[in-house]
Amino acid sequence: MAQSTYQSVVLAKRPTSLIVPGETFTVKEHKALTAADLKDGEVLVDTLYLSLDPAMRGWLNDTRSYVPPVQIGEKMRGAVIAKVLASKSAKFAEGNYVTCATGWTEQAVAKEKELTLLEVPAGGQVTDALGVLGMTGLTAYFGLIDVGKVKAGDFVVVSGAAGATGSVVCQIAKLKGAKVLGLAGSDDKVEWLKELGCDGALNYKDPNFRAQFKEATKDLIDVFFDNVGGEILEMALSRAKAHSRFIMCGAISQYNDAKPSGPKNISMVIAMRIRMEGFIVFDYAKEFPAARKELVQWLSDGKLKRKETIVKGGLRAAEQALVALYNGINTGKLLVEVKAENTNAGSRFQPRSGSQAELKVGFTATTVLPAVLAPTSTTSISKIISG
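The sequence shown begins at 78 in our numbering and counts up one residue at a time.
Treat each hint with caution, since some may be false.
Unchecked claim - Derived CB-CB ranges, DEER-like:
hint: 1; residue 1: 344; residue 2: 271; range: 31 to 39 Å
hint: 2; residue 1: 228; residue 2: 271; range: 21 to 29 Å
hint: 3; residue 1: 82; residue 2: 354; range: 18 to 26 Å
hint: 4; residue 1: 107; residue 2: 191; range: 15 to 23 Å
hint: 5; residue 1: 107; residue 2: 230; range: 54 to 62 Å
hint: 6; residue 1: 194; residue 2: 344; range: 45 to 53 Å
hint: 7; residue 1: 191; residue 2: 404; range: 27 to 35 Å
Keep in mind the hints are simulated off the structure, nothing from the lab.
Computed from a predicted structure; not experimentally measured.
For glycine and all other residues, C-beta sits at the position ideal for the given N, C-alpha and C.
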């Protein structure tokens, strides 16, 4: 039976520091969309998975950035995996699965140029389209290879190393012949980084972290991939080698600070002739196909592993899940399951080549969290999709 309404989440009030559940966002209900709402070249989609990313906090600030801020009363933006419910496009048919940026909504109408057909390669999983094969993996790829100019023999340090982007960075660095030290926020995450092949991994919450970091970086840093900012960045600057490369990808430790502070030792950039460079992955859009091809190959060969943390509870769980992201709830990619696909979903997501066994290559685990965000058991993505 077709649903009569659908929900979306809009920005209600700009946070000055922390996102406040029940205050920052509000849920709106709308009359359900139908094929009659479509114009030529448009597609009606039903959201299945929503990507949660650290950059989202910055989109809520009324400041100049690489994208305009989300406006008060506007639907929260975000990338999704969706199913086509109806189509007036020759490029997409009912039942197709797509990725798009239709945001925090259960349903949406999108132009065909805004959609990408979801194809799962051998060795892949559906949600890779928002993770290792999506903007997450591409950010790691271009940040490390193009901005960081990583090469064999480099000593690479990665902050936020057990997160969605950081975990891919660590593995690409190893594939390029570098020595890798990963920094994460729990002992479990440290162990996972070791499983990924990191030469060393440290828990920054350990009381002896500063001493451990100094010892681990005694040979000094060639490349620092920063997802965290704050004190970790300051410590990395103090251990930088002359002519080192600092890749400024994120600063999650400061996104919720009303008055973020810069590193006190920024003069090390001068003293050590450090090249410190920020980047936005969308600048590389023309190069996405070639990069994704290499990521797909690594994944199919079992050279890339990943974890996903999937929050259940539908669209209403998104706000609390975003809050939890900044508290380190996730290992690997954080997603919200907006709508479960229970009817023969596995067959819809078969790779163009390869067997069921190959779907497991390179896959580590998925942690499923209910809406209250209490960790439960670990299971495979295929079980989540098929119910």
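Against the structure, the hints come out as follows:
1. 344 - 271: 31 to 39 Å: holds (35 Å)
2. 228 - 271: 21 to 29 Å: holds (23 Å)
3. 82 - 354: 18 to 26 Å: Distance hint for residue 82, residue 354 is violated at roughly 47 Å.
4. 107 - 191: 15 to 23 Å: Holds - the Cβ-Cβ distance for residue 107 and residue 191, about 19 Å, lies within 15 to 23 Å.
5. 107 - 230: 54 to 62 Å: Check passed, 56 Å falls within 54 to 62 Å.
6. 194 - 344: 45 to 53 Å: Given about 50 Å between the Cβ atoms, the range holds.
7. 191 - 404: 27 to 35 Å: holds (32 Å)
In terms of the numbered hints stated before, the structure departs from hint 3 and from no other.
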